[in-house]
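Chain residues, written in single-letter form:
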Amino acid sequence: GEDVEQSLFLSVREGDSSVINCTYTDSSSTYLYWYKQEPGAGLQLLTYIFSNMDMKQDQRLTVLLNKKDKHLSLRIADTQTGDSAIYFCAERGGNTGKLIFGQGTTLQVKP
Amino acid sequence: DAMVIQNPRYQVTQFGKPVTLSCSQTLNHNVMYWYQQKSSQAPKLLFHYYDKDFNNEADTPDNFQSRRPNTSFCFLDIRSPGLGDAAMYLCATSSRGGVLNEQFFGPGTRLTVL
Numbered sequence: 001g002e003d004v005e006q007s008l009f010l011s012v013r014e015g016d017s018s019v020i021n022c023t024y025t026d027s028s029s030t031y032l033y034w035y036k037q038e039p040g041a042g043l044q045l046l047t048y049i050f051s052n053m054d055m056k057q058d059q060r061l062t063v064l065l066n067k068k069d070k071h072l073s074l075r076i077a078d079t080q081t082g083d084s085a086i087y088f089c090a091e092r093g094g095n096t097g098k099l100i101f102g103q104g105t106t107l108q109v110k111p
Numbered sequence: 001d002a003m004v005i006q007n008p009r010y011q012v013t014q015f016g017k018p019v020t021l022s023c024s025q026t027l028n029h030n031v032m033y034w035y036q037q038k039s040s041q042a043p044k045l046l047f048h049y050y051d052k053d054f055n056n057e058a059d060t061p062d063n064f065q066s067r068r069p070n071t072s073f074c075f076l077d078i079r080s081p082g083l084g085d086a087a088m089y090l091c092a093t094s095s096r097g098g099v100l101n102e103q104f105f106g107p108g109t110r111l112t113v114l
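Respectively, the protein sequence lines represent chains E and A. 1 is the number of the first residue of the first sequence in our numbering; add one for each residue after it. 1 is the number of the first residue of the second sequence in our numbering; add one for each residue after it.
Hint data in this document are derived by calculation from the structure and do not stem from the laboratory. Think of the CB as a built atom: it goes at the ideal place given N, C-alpha and C, for glycine as much as any other residue. Mixed in with the good hints, there may be bad ones.
Now the in silico label distances, taken between C-beta atoms and shown as ranges [said to hold, decoys possible]:
#, chain 1, residue 1, chain 2, residue 2, range
1, E, Lys68, A, Gly82, 39 to 45 Å
2, A, Gln41, E, Asp58, 26 to 32 Å
3, A, Asn30, E, Glu5, 29 to 35 Å
4, E, Ala41, A, Thr20, 19 to 25 Å
5, A, Leu27, E, His71, 16 to 22 Å
6, A, Asp53, E, Arg60, 39 to 45 Å
Only chain A is shown next, with the shape it has when bound in the complex (with noise of 0.2 Å):
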């Protein structure tokens, strides 16, 4: 089946330690998304690729990267994870040519920072 799989679903690491998390997808999806959710919020948007284009969100903080190496693959890098870098993060994929532009997530990847 056409998914979007995130690794690792746990991932824990030490104050100041970076860490990258991994997403992939089968849907051959243009557009790749990254979001931080925070226990009880909403899903919030770091940054997107369109294609190869990256589009970072104005309040990103620096210490989150991407990289986009192909079609497939999107990664997110915390340089320096904080305390409050703890979160759910949440990839997802779109097809920017449809109309409905639904987006497609990851089961996600749960970060504890100690």
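Looking at chain E on its own, in the form it has when it is part of the complex (with noise of 0.2 Å):
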């Protein structure tokens, strides 16, 4: 089936680098994406990664794709207060095409 994980929250200080880790289960997802959410909002597209890459930048952000341990995670750089949110990993099902989300990591930055 299909199934995605990350862990709940992670803390940070305000100019360090922020890295949210996503595991995945179906092997024939061909996208895999980073959604932000802001309180009160809906999800904002991030970036993403096509499966046939093993990285992507995109100035501040670094997703990193490793295909053999269905493992994706998202790097931010210079960690901001204004990038505290709660960031949604999620593949692409090659099956079905549906997007299956994960449930979600809160990013506290501290000043």
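Assembly of the complex is requested from the two constituent chains, each provided in isolation within its own frame, with the hints serving as guidance.
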């Protein structure tokens, strides 16, 4: 079946790097996504990676994909207080094409 | 700006009293989704429309129905809300022809059941 898991909480100091981890089970996933949800708002697509890539960098964001271990991570460099939010990992199921979300990681950034 | 709009943002209903949540989009996307998100949980897909074709998830309770009268609007009807239906309801859209299949989300409607 399709399942995505994340740790629930991460706390960092402003200026440090944050690393949010995710594991998934569907080896036929084509795309993997990171969404950000700020309080009271909907989910916003932050970045994505195609399954044949190992790494993708987009300004302060770095996505690493280990397809063998089915492990995805999001690194945020120079974390700011505005990065405080819930971050959802999602996979696009290879068989269904649906998005399967993890339960979200709450990132707390302390000044 | 093109966007996904949900109304109302907060909805309070009584146990067993039917309620309708609304979603509209200006993106002209052909796919519209409804998700249920409970506290500290992943968004759970209830159903989606691909144009006028309705696709229900196997584990979506019969209590939940949806209507899509045109491309822009989609409604979520909860026929007899129970306490367990209190949640954030998220609407999303996507263009099925897009390779990325990016889903654009509305801000959500928080439903309280008394």
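Taking the hints in turn, this is what the structure says about them:
1. The beta-carbon spacing between Lys68 of chain E and Gly82 of chain A, approximately 44 Å, falls within the hinted interval of 39 to 45 Å.
2. For the pair Gln41 of chain A and Asp58 of chain E, the beta carbons lie near 28 Å from each other, so the given range of 26 to 32 Å is met.
3. The supplied range of 29 to 35 Å is met by Asn30 of chain A and Glu5 of chain E, whose beta-carbon atoms lie about 31 Å from each other.
4. At roughly 22 Å, the beta carbons of Ala41 of chain E and Thr20 of chain A sit within the given window of 19 to 25 Å.
5. For the pair Leu27 of chain A and His71 of chain E, the beta carbons lie near 33 Å from each other, so the given range of 16 to 22 Å is not met.
6. Separated by about 40 Å at the C-beta atoms, Asp53 of chain A and Arg60 of chain E satisfy the suggested range of 39 to 45 Å.
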